[in-house]
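S.K.: Listed here are the chains, written in short residue letters.
2 protein chains.
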Amino acid sequence: MKSNLELVNDCDRFSPNSDPSFLYQFLINGYACPFGYLLESTVSTFSWPECWKLDHEQKTVKLLGSSLEERNKQVHNTLVAERDRGSFQILEGWTSEIFSVHGPHKEVVLSIPRVAAPLFGIVTYGVQLLAYQSDPGDRGFSIWIARRAKTKRRYPNMLDSTVGGSLPTGETPFECLVRESAEEASFSEELIRTRAKACGTVNYVFRTDERAGGELGLFTPEVQFTYEMELPKDVIPTPGDNEAEEITLMSIEQIKTALGKGEFTPAHGCIVLDFFIRHGILNFENEKDYIEIASRLHRTHGFPTA
Amino acid sequence: MKSNLELVNDCDRFSPNSDPSFLYQFLINGYACPFGYLLESTVSTFSWPECWKLDHEQKTVKLLGSSLEERNKQVHNTLVAERDRGSFQILEGWTSEIFSVHGPHKEVVLSIPRVAAPLFGIVTYGVQLLAYQSDPGDRGFSIWIARRAKTKRRYPNMLDSTVGGSLPTGETPFECLVRESAEEASFSEELIRTRAKACGTVNYVFRTDERAGGELGLFTPEVQFTYEMELPKDVIPTPGDNEAEEITLMSIEQIKTALGKGEFTPAHGCIVLDFFIRHGILNFENEKDYIEIASRLHRTHGFPTA
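Read top to bottom, the protein sequences are chains A and B.
Residue numbering for the first sequence follows full-length UniProt numbering, starting at 1 and increasing by one per position.
Residue numbering for the second sequence follows full-length UniProt numbering, starting at 1 and increasing by one per position.
The shape of chain A in the complex, shown without the other chains:
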């Protein structure tokens, strides 16, 4: 059985006290702060065109474009070339989805194809909803837990939150939640707008592993906007697309067992632990690593965010 702190470490794989000096910083011309981390192996695989400036002594990779439009085009062309060369396995999953990189004043400084985010180690965003039934007999709650489809590229068949998804450029977290909730659980727009409640963020720096597909050890700092929603007993979430195999009502004890067996994806294990902390299911008296877990789930990132 994995301890809860092991579950956190399995997701937040580069703790705030880790030494980042072996990594290249991703810089953008005109900005003093870094925007992400690249592995040395990533830097040496790219055939950097002229719009990039590398400094192997300072370990920096700088994008030189002076406007958002120019930078977007430079990054897009660079990545298309690498995709066509077949340099990175991760680029084989290419989609039309775009992620935004934000500057110190939250302004968008770059848009980047979603699949390439882990190559540059930029902060990405998502939304996560746990829908629950109030259940006084069982620690107060039972939670609707999705099982990911067997056909998913990342973490097939593992347990997930009720609804979750990545935040694309141009959508606010709540509107993203409304859309994903309809797609993934067949929740009506009205249900989400009247019942879903924001509860903060869960932050971690994941590093890609076998189960995530593609290159190993890439940095993916993430901010997950968390939501919860009490569901009336007559509302049954139903998968509306092919993301989830099924969505099942699980008791707290069943969820604890599944966590301990590693049945949740690393990120969704943390989403559930955050719910447990917020609702007193885990507390100082019953969880030996309470202080560390409660703060690690909300760790700060060293980069500007949205």
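What the hints contain is simulated information worked out from the structure, not anything from laboratory work.
Among the hints, a few may not be true.
If several chains are the same, the list does not tell them apart, and a pair holds so long as it fits within one copy or across any two.
[To be verified] Each computed DSBU-like pair below joins lysine-lysine, with the alpha-carbon atoms no more than 35 angstroms apart: (1) K261 with K150; (2) K53 with K288; (3) K197 with K73; (4) K53 with K256; (5) K197 with K59; (6) K261 with K197.
Since chain A is already given, all that's left is putting chain B on it; use the hints.
M.R.: Leaving out everything else, chain B in the frame of chain A:
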């Protein structure tokens, strides 16, 4: 009007990205990790007896005792001598209260008089309870807010949580909450045991200011165990000791106004903001610094904790 991020910065005054190299590290013989930070002015004011080893090059102050009992005696004698010499204003508030310092395996490695904690910059602990009434007409909640007594040494007359207190050595957070709730708000033990719910921690590194009394700029990293409790409308909290002037039911709008005017103590402003984040009163769509606030309130400390 102060922004919510300004309120966080007013409490967490040494952000996780700050450079600690101007500070002395507090070390204990036999342990590799530091346990706190001392200002240079603190180091030069102490007349360190032989049980301490100073290294001005490495900027470390090491306690040499090899057992818990020996270390406790050494620290106690060192501090009594300074108190009698009148070296530090902060030691004038001497009480019998003791705080524990924890090691990497959460074991107690030292007990230290409470008043001296800021001199060594060790992590201290507290409990904070917000009792609320469910109020569908007003954003869902109104909260019982205490006003600190005019006679309090620290932050007299400012706004506070419903119940709060420091965690002394040997008491668990929940038992501390039961005791403080009876003392400060006349809540029955049964009420707290059946209704109060742990919701995580709020962490910050405060630095003492004029309103805190004593020396300025001392480091006080704190972990506050947060609790919330829905109160039936017929339960009215009443100050049971002389800590609070009054405890008043305030609407969310009234609390927001009081926060903006700086009427809460720095720490209790953060406790309220954490409640606002947890319950969706603040969210990404209405708070421009949402991501930073949601994570800073739970920042990690660089020291071992309980």
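S.K.: Against each hint, give a clear statement of whether it holds in the structure.
M.R.: So, going through the hints one by one against the coordinates:
Proximity of K261 to K150 under the C-alpha cut-off of 35 angstroms is restricted to the intra-copy arrangement: shortest distance 18 angstroms within a copy versus 54 angstroms between copies. For the identical chains of this complex, K53 and K288 are inter-copy neighbours only, at 33 angstroms across copies versus 48 angstroms inside a copy, given an alpha-carbon limit of 35 angstroms. Neither within a single protomer nor between protomers do K197 and K73 lie at most 35 angstroms apart by alpha-carbon distance, with minima of 38 angstroms and 51 angstroms respectively. In this assembly of identical chains, the alpha carbons of K53 and K256 never lie at most 35 angstroms apart, being 49 angstroms within a copy and 47 angstroms across copies at closest.
With identical chains, the CA atoms of K197 and K59 are never at most 35 angstroms apart, being 42 angstroms at best within one copy and 48 angstroms at best between copies. Proximity of K261 and K197 under a CA criterion of 35 angstroms is satisfied in both settings, with 29 angstroms inside one chain copy and 27 angstroms between copies.
When each numbered hint is compared with the structure, violations occur for hints 3, 4 and 5.
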